[in-house]
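Residue numbers (numbering that gives the first Met the number 0), protein chains in the order written: chain A, 0 to 271; chain B, 0 to 271; chain C, 0 to 271.
Among the clues, some could well be false.
DSS-like mimics (lysine-lysine), calculated; alpha carbons at most 25 Å apart, straight line [what the hints assert, rightly or not]:
(1) Lys18/B <-> Lys18/A
(2) Lys18/C <-> Lys18/B
(3) Lys18/C <-> Lys18/A
These aren't lab readings, by the way, just hints derived from the structure by calculation. Fair warning: this is a prediction, and the values are worked out from it, not measured in the lab.
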Amino acid sequence: MNEHPTTPIITLTTDFGLKDSYVASLKGVILGIHPHARIVDITHLISPHNIVEAAFTLMCTYPYFPEGTIHVAVIDPGVGSHRKAICVTGDNRIFLGPDNGVLWLCSQRLSNFSTYQIDNHALFTASPSYTFHGRDIFAPVAAHLALGMRAQELGGPVARIQSLNLPQPIVNNDAIEGTVLHIDSFGNILTNIHRSHLAHFDTDQRQYIIHIGQITFTGISQTYAEQRMGETFALFSSSDFLEIATRERSVAALLGAHIGQAVVLKRSIRNG
Amino acid sequence: MNEHPTTPIITLTTDFGLKDSYVASLKGVILGIHPHARIVDITHLISPHNIVEAAFTLMCTYPYFPEGTIHVAVIDPGVGSHRKAICVTGDNRIFLGPDNGVLWLCSQRLSNFSTYQIDNHALFTASPSYTFHGRDIFAPVAAHLALGMRAQELGGPVARIQSLNLPQPIVNNDAIEGTVLHIDSFGNILTNIHRSHLAHFDTDQRQYIIHIGQITFTGISQTYAEQRMGETFALFSSSDFLEIATRERSVAALLGAHIGQAVVLKRSIRNG
Amino acid sequence: MNEHPTTPIITLTTDFGLKDSYVASLKGVILGIHPHARIVDITHLISPHNIVEAAFTLMCTYPYFPEGTIHVAVIDPGVGSHRKAICVTGDNRIFLGPDNGVLWLCSQRLSNFSTYQIDNHALFTASPSYTFHGRDIFAPVAAHLALGMRAQELGGPVARIQSLNLPQPIVNNDAIEGTVLHIDSFGNILTNIHRSHLAHFDTDQRQYIIHIGQITFTGISQTYAEQRMGETFALFSSSDFLEIATRERSVAALLGAHIGQAVVLKRSIRNG
């Protein structure tokens with residue numbers, strides 16, 4: 000087993016797809032600077048230019064990586080414009096990406112964070128292109144950070160990063176009106192209703208009534224396996240968002256669900 | 000070159016797809032426990048919940064990995080139920096997965112094997128979820144095995160693992176009635192007729208007649224390249240199953256082939 | 000950080016897809032011979048048997064990998080025929096593949112190169128198959144080269160490698176008639192018009208007129224971001240080929256573009 004200190008992991012989240020040469024170009028640049036870099040793909044199948052999808056995916060994933068990991072997110076429709084390139088750091092994690100909101104959800108999950116602009120041109124590839132900062136700026140900067148450079152050496156502090164204007168659930172006295180945030184490859188539906196939104200209700204999880212599209216059902220379960228095959232049910236996902244699923248079926252296909260669709264959670268009123 | 004001993008490879012076979020954060024979560028957990036783990040993806044595009052497809056893919060792949068490799072298969076529709084999590088070990092290979100048949104074809108290919116239940120909760124992530132044992136149980140257990148833990152430390156022995164009820168070829172005096180087992184991304188058709196099924200025939204390979212769908216052809220070839228373009232032919236795949244192919248075409252598309260379709264191999268009767 | 004010398008990177012470019020076991024088999028064979036090999040996927044989604052697409056993808060990617068990297072390209076419709084397996088080496092890079100043109104574009108970009116036939120059977124897997132030289136020949140040879148073997152030890156020199164018969168732009172006095180070479184996953188169109196084809200024109204980039212399909216527009220830009228959303232424009236890609244794009248849209252879908260389609264670049268004639 001290796002005794003020497005371990006180099007940080009670099010993760011990649013992009014909308015580059017898996018057919019073109021773009022992802023490999025980033026990896027080549029990183030390995031040219033840091034031959035022992037450990038690179039892990041989060042996904043390269045973010046829908047083109049979909050900043051929210053990338054922000055959500057990275058927010059759900061980064062906590063499972065060890066401290067010290069460097070997360071690179073390149074969803075960059077504004078490449079070559081005046082949008083800043085930034086480095087967000089907190090809780091012993093580092094995030095690199097354009098300042099277009101893609102790092103915002105992660106920053107909100109950190110107990111505290113600092114942001115630095117990436118404008119130390121000495122770190123970039125020679126004559127960086129106007130069209131591919133993933134390869135020419137973010138990849139070499141990630142490699143230098145993995146070699147031990149500190150975030151402060153990338154550029155000056157940034158006071159405020161770009162946020163995302165996401166739909167927030169409306170929390171009433173007896174109900175939460177949320178929306179569909181994400182549909183995964185199993186067809187499971189993730190909503191923007193978080194476990195913490197239910198905290199003040201003090202209601203047994205089995206007493207909730209859930210409405211989505213044309214269907215209504217009762218109760219929030221703990222597992223997939225306690226359900227009958229083909230029955231639609233709700234549970235809290237491993238990221239603590241309310242998830243709607245059907246055992247061994249795509250509930251999204253069954254319901255014709257789509258991102259942005261309304262989901263309503265009501266407390267059942269006893270004696271009424 | 001590294002002088003120190005090499006850590007085992009961990010392979011991953013799942014139905015998680017490549018768009019979501021699930022695969023990366025497993026890798027983050029593994030690397031958090033074992034920073035030098037060498038992780039290789041077999042595939043994450045198993046059809047959702049398709050245990051047979053995963054079992055077949057892993058059986059075809061594991062022999063090409065060196066001894067000591069740890070193979071993790073997470074196709075787990077019964078997650079959270081009473082299905083066991085198991086470790087199968089034999090021929091200096093280790094396999095981890097749910098006890099739902101996904102490891103059965105591999106176990107049958109080993110010269111002998113032992114099975115242990117995975118119930119050493121000290122190895123799991125803190126408060127494992129009910130819905131994602133890939134990340135919370137199989138990933139950390141694989142990392143601990145790669146660090147040197149023995150299979151016996153995972154839990155007690157298991158007498159009998161779940162088998163798969165696969166269609167078996169019917170071997171007659173002059174014919175073998177088989178079925179289509181798999182169609183690969185080139186459109187080549189793999190059948191469940193194994194080279195060993197022909198052993199007692201003592202017939203020249205060029206003397207067989209093969210029927211599938213509306214077509215009939217003669218002979219089992221040795222290579223793709225000895226065929227004319229566009230001609231359908233049979234050969235034994237590198238896994239020793241009878242394969243039907245058309246050079247530089249998808250024979251499955253040409254024939255409208257599907258999994259489970261009948262394939263018949265007959266000895267040609269000379270002087271008849 | 001590791002102090003010992005770094006093993007070369009091995010990259011893989013294939014048409015094997017990501018669903019089957021083929022890619023993992025190559026990796027297993029490589030890691031069985033060279034446990035510390037660093038393997039990077041370029042892509043496995045080359046269209047089946049599309050030698051030109053693979054040649055173009057590898058030519059665009061290899062310059063971003065460090066010197067010493069070993070690039071393996073397995074698009075091999077002629078596997079098992081008399082086509083040679085070759086090793087091309089130059090500019091401190093190594094390329095392995097069948098001699099069917101897949102390595103030709105890379106060889107033309109090297110300042111000079113040598114070619115060796117791969118016929119040292121001692122390096123191959125035991126009893127190599129007739130149908131899968133990627134796993135049985137190219138993978139083990141790449142691993143041996145990464146361990147330090149020299150290209151000359153693979154086999155005798157090859158005088159001339161297979162070229163590709165690609166459409167070349169027609170360069171007139173006032174115009175260049177090119178074609179669409181590639182469409183990437185964003186829908187950007189790459190043409191076969193190279194920056195060097197414009198060298199003798201001595202015209203301001205803003206003075207060119209570009210025709211493709213039903214549309215005509217003026218000027219070659221430097222960045223995506225200087226464009227208005229939805230407007231079609233041209234720029235030179237990071238590989239120095241003329242690219243046609245629409246900001247945050249798929250221009251290929253908008254225009255119904257296809258590979259081989261005509262693209263004409265004209266000098267605008269001032270004063271009439």
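Here's how the hints hold up against the structure:
In summary, the hint linking Lys18/B to Lys18/A is supported, as the alpha carbons are separated by about 14 Å, within the 25 Å threshold. The hinted pair formed by Lys18/C and Lys18/B meets the criterion: a straight-line CA distance of about 14 Å does not exceed 25 Å. Proximity of Lys18/C to Lys18/A is assessed by CA-CA distance (about 14 Å); at most 25 Å being required, the pair is judged to hold.
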